[in-house]
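Here's the letter readout for the chains.
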Amino acid sequence: MINGRLPKIDLDSDLQRNRIANAETIGHLPLQVARRWWRLKDGERFGVRQAESFSSAEKFIYSPYAWVLDYKAVLRPGVLSQFRLRSENVLRGNLLHRLLDLLGEGPIKKGSWTAITEKELKEYVEKQWPILLEQEGATLLLLGKQSEAAALLDAAKQALWVLAQQLRAAEIQKTETSVNFRADFIGGQLDGYVDLLVKNAKAQASVIDLKSGRLEEKKNELQTNVQLQLAIYGFLHRTNRAEWPFGAYFILNSRRMLAQTKEYFPLASAVPVKTGAGGLEICWDEFVEMWKYRRSILDQGWIEVTLGTTPPQNGNEFPGSGPYEHWQPSKDQDKYNDFKALTGMEANA
Amino acid sequence: MKTTITFIGAGAGSGKTFRVTQEIQSRLVSGSCRPSGLIATTFTIKAANELSERIRQNLYLTGNLSLAERLNEASIGTVDKVCKKILTRFAFEAGISPQIEVLAEEDANLLFIQAVELSVSVKETGALQELADRLGQKDLQTRAYAWKRTVHQIANRVRENNFESADVLGMSERCWKEMLSHFPAASKDDLDAELTRTIRSALEKISQNGDNTSGTQNYCRLLEQCLSDLNNGHFAWSGWVKLTKEKPTKKSEDCAVPVMAAAAHYEIHPRLHSDIRNYIELVFQIATRSLASYQDLKAERGLADFTDLEQQTLALLENNPEITATLTTELDLVVVDEFQDTSPLQLALFLKLARCAKEVIWVGDVKQAIYGFRGTDPELTDAVVMELKNLGGVAEPLNKSYRSIPSLVNLTNAIFEVPFKQSLRLTASEVALSPVRKSFERVQPAVEFFEVSSGKMNKGGGAKRIENGPLAQTVALGVTRLLDEDYQVYDKNSRQYRAAEFRDVAVLCRTNDDAARIAEELMREGYTVSLAKSGLLQTPEALFAMACFKRLLDPSDTLATAEIIALEGKMTPEEWLENRLAYMEKARKENPNSRGARWGLEEGFVHPIVMSLEQARPALDTASVCELFDLALIAGNVFCTVTRWGPSQSRANQRRANLEALRGLAAKYEEGCATNHRPATTTGFLIWCDDLAAQELDEKAADEIADAIHVLTYHRAKGLEWPIVICTDLDNKPKSRLWDGVNVLKDDASKSFSFAEPLENRRLSFWPWPFGAQEKGIPIVEKIEQGEVGKEATRAAHAEELRLLYVGFTRARDLLVLVKEKDQPHPWLDLLGANWLRPGQNPLALPPGNTVACRTRELTPPEAVQNRVPDKEYLWFTQPSSRTPKLPAQIIPSACAPMVSAKVAEILSFGSPIQMSHKFEDDTDLGDALHAIFAAEFTHPNHPKRATTAERILKEFGCEHSVWLEDVLRAVDVFREDLEKKFKPKQILVEVPFSFRNPAGQLIAGFIDLLVQVTDGWLVIDYKSFQGQKADWEAKALGYSGQLDCYRQAMFAMNMKAESLWIYFVLGGALIRVE
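Quick mapping for you: the protein sequence lines, in order, are chains C and D. For what it's worth, our numbering labels the leading residue of the first sequence as 1, then goes sequentially. For what it's worth, our numbering labels the leading residue of the second sequence as 350, then goes sequentially.
Source of the hints: derived by calculation from the structure; they are not laboratory data. The beta-carbon is built from N, C-alpha and C at its ideal position, and this holds for glycine as well. Please note that the accuracy of each hint is not assured.
What the hints assert, rightly or not - Below are the DMTMM-like pairs computed for lysine to aspartate or glutamate, each with C-alpha atoms no more than 25 angstroms apart in a straight line:
id	chain 1	residue 1	chain 2	residue 2
1	D	K497	D	E455
2	D	K591	D	D541
3	D	K919	C	D42
4	D	K1221	C	D10
5	C	K335	D	E923
6	C	K72	D	E951
7	C	K331	D	D863
8	D	K1330	D	D1365
9	C	K72	D	D1365
10	D	K935	C	D42
11	C	K157	D	D488
As the list claims (entries may be wrong) - Partial chain D-side listing against chain C, Cβ under 7 angstroms, derived:
id	residue
12	G582
13	G918
14	W1225
Sequences and hints are given; from them, build the entire structure.
Shown next, in the form of structure tokens:
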């Protein structure tokens, strides 16, 4: 007969009291705590790359650690990751961009944005959509994703019609989609695809970049005149076609055209610069200065880890600061950081 | 009612499990309940295990061994488990397979999502989206559409209440009609045109009045946006409301007046009315169709979810009188624990079971019914208890508190007596408990206030409201101070008083987000915190383990390699990055496209973990996902590494617990794949983990006895207790479920509950909130909320919040801490109507006249975080313990290794040698041919066509030129003669098949060439076509000792005695006995 209660064995507690055979004493080896600055012996391994794009240039300016880890240390996820579902936002963006390309190749090529009717546009998008999904968005055909696909189609139709109205109001005469430009700049060669390049009745050009969301972030960029993507496309256009264009973002989720003024797009939501002068040229000039600053500190072997967990005051070992305070990384950048586990942890993580 | 149902009310800490154990045990011992005649349902698996173990233990202790052993015959478990047992038994009558595969809750949710997809057309999605855009039916933070969640809620309520699909659509009509009945009649005017006109006019006037102030410019931008949305048909109703409130600066105020007036017409806008109606109708329609698809999907896969089990059991009991008759002869006692948390469907089921049982006991506490938000119906359970009261079926409630010290019991009695009398119609004796525990000898407070404030003052006086972050820091500071003061608690296990430790403290929060904030601040202070919250996959230990797993799977994952090296902590970022850059420079010189995948494996830098993972890769071919994950943990030395991280022993324990939780996820993934008949793959597991994290379902390990400060929600705290409980978020404003909640209401409010038809007179109600982020200053909403419907919803919400507060306050054993913010309202706490419960008093005077020792601790946010000193040493296993190697599932006898202890005992010149035309490198075919000829000859001795048969066999094996037929036939004859002479066989068996499992569970199967029965057993003979010299016979024969031993075991398994084991060299003509 069992007499009394069965014993409770707390293995953790036994371990701490060294009551478990073969357990050995090991020393404390803490996790590396996130630091704002990494200092390498020198910067000779951070030389100029063959070509930069907007994404790499953005990393160079706002997340130099990510630029180094990605392009210089070549730290990449394995082939298994290719089978993992792409982030929904990226997929949404890609599909919408492709729809714009298809429109450019199809009805817009034949007619123009000013001529196309709502019915024509929507019918064309509906016709292309199943083919596009099969070719480039098959994950949206999975069971469990159809309503998302349907919602995206609906959003695309509405957004593209609003875009057509915006272009019509701006009296656009000519449109080009996915225009590839190249040009030399201080960091080597710059390469980019402009989503939509338009020309109005006065033969003035404007670059338009399509975004699936991030309305507030883009508004903030325009307000602080750090619309880097538009400035890069503007510079590429200026170099290739000898003219600084206007620039605007078109946000598909909220069906809004965002520009600093209504000068080019009368129906756009105007987001004026908060202080000082605005425009792509000024933005580009500041970018060049920022690039020089980043290059100079990288050349000395300093790498800035610009994360929420490493605010600028963290350690602050690096003597000096950048030329412009308003060139700050987006608050969301930590969310999409592939290198989170490499940049150190918060204290007591 | 023929059966007597007894309801036992059991207040918090009143010894409910003890009482239930006693009730069951006494009936088992007296014989009034047979073990097989007992059904006891509990709310959780853990509670079921605890109950059955307690009963079993008591039976052992009282000498009722036989009863204890027969307790397995009883059905003690969660409701679904008990239903599954009944359905499995009566599967034929239920028309289902007895092999019931039950879907886990998460899998059921995923399947329902798929069902929704199958039920919604593209057109409907578009329509829903448009409606949702205008009505603002979106999550305010994520902007995700709310309709899927609503559809899921409707479907759940439909099933929990056993509604017929046909009735549900009728319910939707009643919903929108009722909602719109509170709105004024729709206008026939063109209200859009009117608003457009006023906006244009306002913009024009402002452009002319020269008002360039930023306020007016912002207002103009708002008007322009509204105009654009109006034109596109996307103008949200929240936008209309906003226009009734927004103004430009003073100079242009007049311009805005017509806009405000035109916008205020939204209440009578026919499109608002139709939007509400269409939205309600659509979500109900989709829910009904989705439910049908969901049932089909499960049927296709042969699956059932928890609700199916309950529904099918109910149907079984309703439609099969012979089953109820059988159960009536068998069921002696049905016990339902946590009765207040039963869903309506479960209630109907319990009532059916009650009719079959001789005796029924329901135990619960209506004061702790807190799951209204997930489908339980406190009103219904209250009504049942009231009915039982009227029928005299309510026993004396358990009125003693075994949990808390007397001061705390008195305090909660004084606090809750009046509110529960009002909201639940409970008498004082049904609320109050009498304390059993003794008071502390040492004088110390039983209740404490953390009176927090921002430390900053408003311009108009009064403390500035404290923000969430600093509030969490302040609570963490309070905990630190409390633990630094040697507060005494009573240790239940050692039955002694001792200083409070981390594990004694629980911080209760209203929401998961609040809990996460507090936990983060406590962790920042260096405390170990136990928090049942998602985010497991983002913990450093999970990142490290997953990096090892990914590197094991894929050497090209250089990111994973870097993560391993960085997280291990031996190298600084500068060190490993320099190393990697140098490696890449070299690698790219050799190959410009190199990915540098062999980093950490080559001379100059061999990283032990990376190398160990690389060496473990051959296992990829055969191991399952779980096995590979374990392999990654071992090869990656993960447990040891995360233990070294500390910074304290308890944090190290917690990290290892998180790794165990990860292992649990791998197992869960494999189980889910098995249930859903899907292949389990490593990539599939990684994707599944991504999904879990995205849905915030990757819960960290949390254990109520862990050596950590426990942070959890009030809801999760139910059923648990701690010496010190800190109640936060008392300033939370109770929110009714009038808007956006899927509620179950009485169909006819005048009718009362009926035992005969517990699910009758019920209907669904859903009113979508139509004004998005706009919450205040909406006259129509104020009118509805102040009306009867609104008041009733508020009353129900307040009643549930009151019960939640009761759950929170009664978790404390020795000290209750209330967090109050100075000079701020506390709507949740105010529900108690206990004005006397406020800081700054010692002792605290209770209304009945007694007092409680009380302390008030004034706290402001700390200036800086004080980091605790990390522990320097940890104990763990530096060498992985040796693991029993995995044995192959099957053993092939001829492949068995020779036995070291084997020896040759005898060599006989036997039969006649067979000469070969030449030597062969591979004599397999000749061996097989000779086997076949010997077998044929022993099966049919002296067959007239023996020569033709042997010749054919040799030819078929391609050996007709290898040996001479005559030689072979002579060898067979002489062999047979020698056998006869030497052994005098009683019986000869040829090619005897066998198959058995050895003690290790391995399958051994094969054929024994020849068995010769002699007086003492059987000779086991195996033919070998060995071409070697006589001198090599002994060594060669010993080489087959493993095979012969298999035959020996096979003989044993066949109950045949192997007298001796022999190898016969057919070509050499030798019989060799091996021992």
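Tested hints:
Proximity of D/K497 to D/E455 is assessed by CA-CA distance (about 16 angstroms); at most 25 angstroms being required, the pair is judged to hold. Using a Cα cut-off of 25 angstroms, the hinted pair D/K591 and D/D541 holds, with the two alpha carbons roughly 15 angstroms apart. Straight-line distance between C-alpha atoms of D/K919 and C/D42 comes to about 22 angstroms, which keeps the hinted pair within the 25 angstroms bound. Of the pairs offered as hints, the one joining D/K1221 and C/D10 holds, with about 22 angstroms between alpha carbons and a cut-off of 25 angstroms not exceeded.
Of the pairs offered as hints, the one joining C/K335 and D/E923 holds, with about 24 angstroms between alpha carbons and a cut-off of 25 angstroms not exceeded. The hinted pair formed by C/K72 and D/E951 meets the criterion: a straight-line CA distance of about 20 angstroms does not exceed 25 angstroms. In summary, the hint linking C/K331 to D/D863 is supported, as the alpha carbons are separated by about 22 angstroms, within the 25 angstroms threshold. Distance restraint check for D/K1330 and D/D1365: the Cα-Cα separation of roughly 17 angstroms lies within the 25 angstroms cut-off, and the hinted pair is therefore satisfied.
In summary, the hint linking C/K72 to D/D1365 is not supported, as the alpha carbons are separated by about 80 angstroms, beyond the 25 angstroms threshold. A distance of roughly 17 angstroms separates the Cα atoms of D/K935 and C/D42; the hinted pair therefore holds under the 25 angstroms criterion. Restraint check for C/K157 and D/D488: satisfied, since their Cα atoms lie roughly 23 angstroms apart, inside the 25 angstroms limit. The beta carbon of D/G582 comes no nearer than 9 angstroms to any beta carbon in chain C, farther than 7 angstroms, and the hint placing it at the interface is violated.
Because the closest C-beta pair between D/G918 and chain C is about 5 angstroms apart, less than 7 angstroms, the hint holds. For D/W1225, the suggested interface contact is upheld, since its CB lies about 6 angstroms from the closest CB of chain C, less than 7 angstroms.
Checked against the numbered hints given earlier, this structure breaks hints 9, 12; the rest are met.
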